[in-house]
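Protein chains: 2
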Amino acid sequence: MTAQRPRLIVVGGGFAGLWCVRALAGEAIDITLLDRSNHHLFQPLLYQVATGGLSAPAIAAPLRHILRRQRNVRVLMAEVVGIDATARRVRLADGQELDGDWLLVASGSTHAYFGNEHWAPHAHGLKTLDDAMRIRAQVLGAFEHAELSSDPAERAAWLNFVVVGAGPTGVELAGTLAEIARHTLRSEFRSIDPTRARVLLVEGGSRVLSAFEPAMSARAQRQLERLGVEVRTNAAVTAVAADHAIIAGERIATHTVLWAAGVAASPLGALLGAPLDRAGRVLVQPDLSLPGHPRIFVAGDLACLRDRERQIPGVAPAAKQMGTHVAAAIRAQLRKRRVPSFRYRDYGALATIGRMAAVIQMGRLRLSGLPAWWFWLAAHVFFLIGFRNRLVVLIDWAWAYWTHQRHARIMTR
Amino acid sequence: MTAQRPRLIVVGGGFAGLWCVRALAGEAIDITLLDRSNHHLFQPLLYQVATGGLSAPAIAAPLRHILRRQRNVRVLMAEVVGIDATARRVRLADGQELDGDWLLVASGSTHAYFGNEHWAPHAHGLKTLDDAMRIRAQVLGAFEHAELSSDPAERAAWLNFVVVGAGPTGVELAGTLAEIARHTLRSEFRSIDPTRARVLLVEGGSRVLSAFEPAMSARAQRQLERLGVEVRTNAAVTAVAADHAIIAGERIATHTVLWAAGVAASPLGALLGAPLDRAGRVLVQPDLSLPGHPRIFVAGDLACLRDRERQIPGVAPAAKQMGTHVAAAIRAQLRKRRVPSFRYRDYGALATIGRMAAVIQMGRLRLSGLPAWWFWLAAHVFFLIGFRNRLVVLIDWAWAYWTHQRHARIMTR
Numbered sequence: 001m002t003a004q005r006p007r008l009i010v011v012g013g014g015f016a017g018l019w020c021v022r023a024l025a026g027e028a029i030d031i032t033l034l035d036r037s038n039h040h041l042f043q044p045l046l047y048q049v050a051t052g053g054l055s056a057p058a059i060a061a062p063l064r065h066i067l068r069r070q071r072n073v074r075v076l077m078a079e080v081v082g083i084d085a086t087a088r089r090v091r092l093a094d095g096q097e098l099d100g101d102w103l104l105v106a107s108g109s110t111h112a113y114f115g116n117e118h119w120a121p122h123a124h125g126l127k128t129l130d131d132a133m134r135i136r137a138q139v140l141g142a143f144e145h146a147e148l149s150s151d152p153a154e155r156a157a158w159l160n161f162v163v164v165g166a167g168p169t170g171v172e173l174a175g176t177l178a179e180i181a182r183h184t185l186r187s188e189f190r191s192i193d194p195t196r197a198r199v200l201l202v203e204g205g206s207r208v209l210s211a212f213e214p215a216m217s218a219r220a221q222r223q224l225e226r227l228g229v230e231v232r233t234n235a236a237v238t239a240v241a242a243d244h245a246i247i248a249g250e251r252i253a254t255h256t257v258l259w260a261a262g263v264a265a266s267p268l269g270a271l272l273g274a275p276l277d278r279a280g281r282v283l284v285q286p287d288l289s290l291p292g293h294p295r296i297f298v299a300g301d302l303a304c305l306r307d308r309e310r311q312i313p314g315v316a317p318a319a320k321q322m323g324t325h326v327a328a329a330i331r332a333q334l335r336k337r338r339v340p341s342f343r344y345r346d347y348g349a350l351a352t353i354g355r356m357a358a359v360i361q362m363g364r365l366r367l368s369g370l371p372a373w374w375f376w377l378a379a380h381v382f383f384l385i386g387f388r389n390r391l392v393v394l395i396d397w398a399w400a401y402w403t404h405q406r407h408a409r410i411m412t413r
Numbered sequence: 001m002t003a004q005r006p007r008l009i010v011v012g013g014g015f016a017g018l019w020c021v022r023a024l025a026g027e028a029i030d031i032t033l034l035d036r037s038n039h040h041l042f043q044p045l046l047y048q049v050a051t052g053g054l055s056a057p058a059i060a061a062p063l064r065h066i067l068r069r070q071r072n073v074r075v076l077m078a079e080v081v082g083i084d085a086t087a088r089r090v091r092l093a094d095g096q097e098l099d100g101d102w103l104l105v106a107s108g109s110t111h112a113y114f115g116n117e118h119w120a121p122h123a124h125g126l127k128t129l130d131d132a133m134r135i136r137a138q139v140l141g142a143f144e145h146a147e148l149s150s151d152p153a154e155r156a157a158w159l160n161f162v163v164v165g166a167g168p169t170g171v172e173l174a175g176t177l178a179e180i181a182r183h184t185l186r187s188e189f190r191s192i193d194p195t196r197a198r199v200l201l202v203e204g205g206s207r208v209l210s211a212f213e214p215a216m217s218a219r220a221q222r223q224l225e226r227l228g229v230e231v232r233t234n235a236a237v238t239a240v241a242a243d244h245a246i247i248a249g250e251r252i253a254t255h256t257v258l259w260a261a262g263v264a265a266s267p268l269g270a271l272l273g274a275p276l277d278r279a280g281r282v283l284v285q286p287d288l289s290l291p292g293h294p295r296i297f298v299a300g301d302l303a304c305l306r307d308r309e310r311q312i313p314g315v316a317p318a319a320k321q322m323g324t325h326v327a328a329a330i331r332a333q334l335r336k337r338r339v340p341s342f343r344y345r346d347y348g349a350l351a352t353i354g355r356m357a358a359v360i361q362m363g364r365l366r367l368s369g370l371p372a373w374w375f376w377l378a379a380h381v382f383f384l385i386g387f388r389n390r391l392v393v394l395i396d397w398a399w400a401y402w403t404h405q406r407h408a409r410i411m412t413r
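Residue numbers (my numbering), protein chains in the order written: chain A, 1 to 413; chain B, 1 to 413.
Excised from the complex, chain A in its bound form:
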């Protein structure tokens, strides 16, 4: 790399950051990609790691491995702790400072408890591989504790599972938990009957999967109920503790509350000095730049933008499109051309519910049940980065499909 080449700093190796970097392959710029972890994570399948259906390496690949042939990028595993927008400079946890001609901040989102942060130790969220491993150990451990306990009330409490929030993640977790209890673990215990486990899916709003049409929400709820999930809509959670939760006024004895209710933007957004929305996302310009800073961009879950009167959703396809757009914007600025506005292409919504159950809403197409599930499976395997992962994921899936088994039921820590 020569000193004369312009420099781009990308914070975050998720879909937005990685797609931007890859779209700039071959450009005469020097890119530094910063991420706290060493891997890009295929977040849409994270719930499968949390429920023991996939191993962690099956849905993650080292960033520097993905980018090893792209010679204009260096990858640094480092935490960004400060951003100076005026100088386009980032400060790393070890004190180093890096500055660039462009800056892309794409550090994503985290789970949030909106004023109930004291629930966090008892209601784990699912954003990273570490979260997934912790939930896996917690869920499998609950069945183990139930088998070990000789107190019927204690045993029942260990077999109560509460999932808070009926968006895609909550629906996936609840559906898969029900499947584990009813099928995977069916004959493996001697003192308890795992099929008697209760899985409650609690939603403050009036329906599950509110991003879908009401008719599709109703279908999804029916599929959940068929899998054995108790769906509670219009139900507020007012307390979460180590041994219970209070849901719509009712005290549920449980040791396993999973949190899929709240998402807050990465705290790095607040360092940019721009207006934020309620969830902490940065209100960006139509070209995804920071107001007053045409060479600083924000993309992915951290960006808040309305396109044709619609809020762009925090999903992987939107993040990829934003990342690619930022690359195009940088290329335009390099060539002194006008930077276009970002246009979101909405390919529809799809959500999986459990084994052979899903809902899809794309253009005029509406699918649910088994056909939707096959579609969902094919789409997700196709989009997984790297051929090897795809093959292993496919084998894992095929195996689980035929045998009701989940091969990654390994508790660590």
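Worth flagging that the hints you see were computed from the coordinates, not collected in a lab.
Selected chain A positions facing chain B (in silico; Cβ < 8 Å):
hint	residue
1	His-65
2	Arg-68
3	Asp-130
4	Phe-189
5	Ile-410
6	Met-411
7	Thr-412
Using N, Cα and C, we set each Cβ at its ideal position, and we do this for glycine too.
Knowing the structure of chain A, use the given hints to seat chain B on it.
Quick look at chain B alone, frame taken from chain A:
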């Protein structure tokens, strides 16, 4: 289960415990298998998890899944904290007590620092999946730190790897680390050259793999050196700290010391009240029973027994044979027959060194290099429990073989 049936308590679901339990399928006894973790671990491939070649679930399977069809067994995930040999009673961490007509203690071994316990935080050993995940994060993190550092001395320190102990685990770790540095990571960094990493294998004794004949040790050492490992025999480690180790008087700046030097028996052995050897193993009778307690058995790494003037080694085949023997002994006692002495069938020794390098010594057969590696690979894949694991492991291996890649290079925590 009825109250009249005799009860067997097995502590530990490793090779010895699991093989004993499985050999008693169909017997009219009630077996309780206790293990701290929820899985049986295929320990011979643990170093591959530690070095990112395999995912954790590829070499582990839930004990209750393995035993789901064996109706005379219940599996409890629980830690044993006390043993009363006279009453044949075990106490669990939650206070519960279980007693049996027979007791098999097969809780294995742990790593030991022999008076240098303060080295433990800086010199991780490799016995469990958690250990493997920690070593994986440490090794991959060392290269990340080196890439991030701008200080040449600091960078060099991060690229020094020290493996203490040249038994099979130390040799595997050192060989694989060298391969990672020389091949896997070759083109992935921009500031450092990973091929310049130093891997030191330090051995207090006069040769590597001392369980083999001297000629085979020499071959193994040549293969290690060809892979890029610096082998230091007759070298004592006199200090290990966060940023250095002192080896044969020389100060090596390093942040990565891996401990493969010492093994001590599980502390449960000391609770049995029988004489122990220097490593804390229980000196058992020729039939593997505890002296004075014909219905208490000790098997696997925790047992110390000489068979025809040879100490039985702490390897998987010996543990399996002991487990099967204990099952036979219990069956004999059930039928009021004489309990035979344990006879160890020595199938030889094999150790892998790295990609396409291994040594084998079986009867009159001596192999090294590629043929030994293929033999080793086939044997290990064959012995992995469960068809699915075998298939995935085979794919992982085949892929790594052709591409020099390691798919599980994911740091968590």
